[in-house]
Amino acid sequence: MSENKNDLPAKKRSFYKPGIVSLLKTILSLFVFIAVDYFIFKSWGAVCLLVSVILIHESGHFVAMKIFGYKHIKMMFVPFVGAYVSGEASHFSKSKKIIMLLAGPVPGVITGMVLLFFYRQNFDQYYYLAALAFLLLNGFNLLPVTPLDGGQIIETLFVRSGLVIQFICLLLALAILLYSIYMFKLWLLIVVA
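Position 183 of the sequence shown, counting from 1, maps to 245 under the numbering used here, and the rest follow consecutively.
Mixed in with the good hints, there may be bad ones.
To be verified - Keeping only pairs whose Cα atoms sit at most 20 Å apart, straight-line, the calculated EDC-like set for lysine to aspartate or glutamate is:
no., residue 1, residue 2
1, K159, E217
2, K158, E217
3, K156, E217
4, K128, E150
5, K87, D186
6, K133, E150
7, K136, E150
As the list claims (entries may be wrong) - Pairwise CB distance ranges (calculated):
no., residue 1, residue 2, range
8, A97, H134, 36 to 46 Å
9, I172, L232, 17 to 27 Å
10, S152, L232, 37 to 47 Å
11, I82, I172, 24 to 34 Å
12, I82, Y146, 41 to 51 Å
13, V140, C110, 17 to 27 Å
14, S105, F179, 37 to 47 Å
15, R182, F101, 41 to 51 Å
16, A97, L234, 29 to 39 Å
17, V113, I172, 11 to 21 Å
18, W106, I172, 18 to 28 Å
These are calculated hints, taken from the structure and not from any lab test. A quick note: this is a predicted structure, and the numbers were derived from the prediction, not measured. Ideal Cβ positions, reconstructed from N, Cα and C, are used throughout, including at glycine.
Please model the entire structure based on the sequences and the hints provided.
This is the structure in structure tokens:
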């Protein structure tokens with residue numbers, strides 16, 4: 063005699079599958095993120111660009127986690143912060159973790175470089191702004207400060223001396239940022255510094 067699904071106790075029956083719930087949370091967080099960003103920027107173009115940069119970045123982490131067998135992978139958008147992907151690693155390997163951490167910013171930097179190339183071909187301001195967004199946000203994410211990808215890479219490589227190296231790298235990155243602001247007349251970025 064086969065067991066009917068309706069005969070199972072309520073605990074064994076599950077209307078919601080964890081993957082679907084996770085996807086719905088991601089979509090809901092994306093809509094909240096878009097609403098908050100539109101309230102701030104008042105421009106659908108700026109919101110679409112920002113969401114594209116973040117989505118490409120986080121999708122890189124997501125795909126790498128899938129390839130390396132992470133479980134319970136989720137992507138969440140957080141207004142005023144950006145987004146993050148989380149998951150549980152079945153086995154930990156430094157090299158796989160570093161590849162997973164680089165899988166976010168590397169596609170974004172490559173996309174930014176391609177957009178910069180297109181800008182150089184026809185000097186369309188859209189390409190320049192998009193390239194700048196991709197390069198700045200992904201470059202920022204490579205800063206050696208936890209919880210950014212760069213900080214997590216430093217922590218993974220140098221478990222014991224990670225904080226000292228992060229501090230030295232942070233000072234170096236700050237010096238480069240200030241120099242870039244001065245050289246390229248990006249005075250608005252002084253707020254970031």
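Check whether the Cα positions of K87 and D186 lie no farther apart than 20 Å. Roughly 37 Å separates the two Cα atoms, so the pair is violated.
Starting from K133, check that the Cα of E150 is at most 20 Å away, please. Given pair K133, E150 holds - Cα atoms ~5 Å apart, limit 20 Å.
At the C-beta level, are I172 and L232 separated by a distance inside 17 to 27 Å? holds, 25 Å
Status of the given 17 to 27 Å range, CB of C110 versus CB of V140: holds, 18 Å
Just to be careful, I want the Cα atoms of K158 and E217 compared with a cutoff of 20 Å; is the pair within it? Judged against 20 Å, a Cα distance of about 14 Å means the pair holds.
Can you let me know if the beta-carbon spacing of A97 and H134 is within 36 to 46 Å? This hint is violated: roughly 27 Å between Cβ atoms.
Within 37 to 47 Å: is that where the Cβ-Cβ distance between S105 and F179 falls? violated, 25 Å
Is it true that the C-beta distance of I82 to I172 lies inside 24 to 34 Å, as the hint says? Roughly 32 Å apart at Cβ, these two residues keep to the hinted range, so it holds.
Within a Cα-Cα threshold of 20 Å, do K159 and E217 meet the stated pairing? holds, 11 Å
Could you tell me whether the CB distance from R182 to F101 stays inside 41 to 51 Å? violated, 34 Å
Okay, V113 versus I172 on CB: inside 11 to 21 Å? holds, 19 Å
Lying within 18 to 28 Å: is that true of the beta-carbon distance W106 to I172? Holds - the Cβ-Cβ distance for W106 and I172, about 26 Å, lies within 18 to 28 Å.
Hint check: violations occur at hints 5, 8, 10, 12, 14 and 15; the rest are consistent with the structure.
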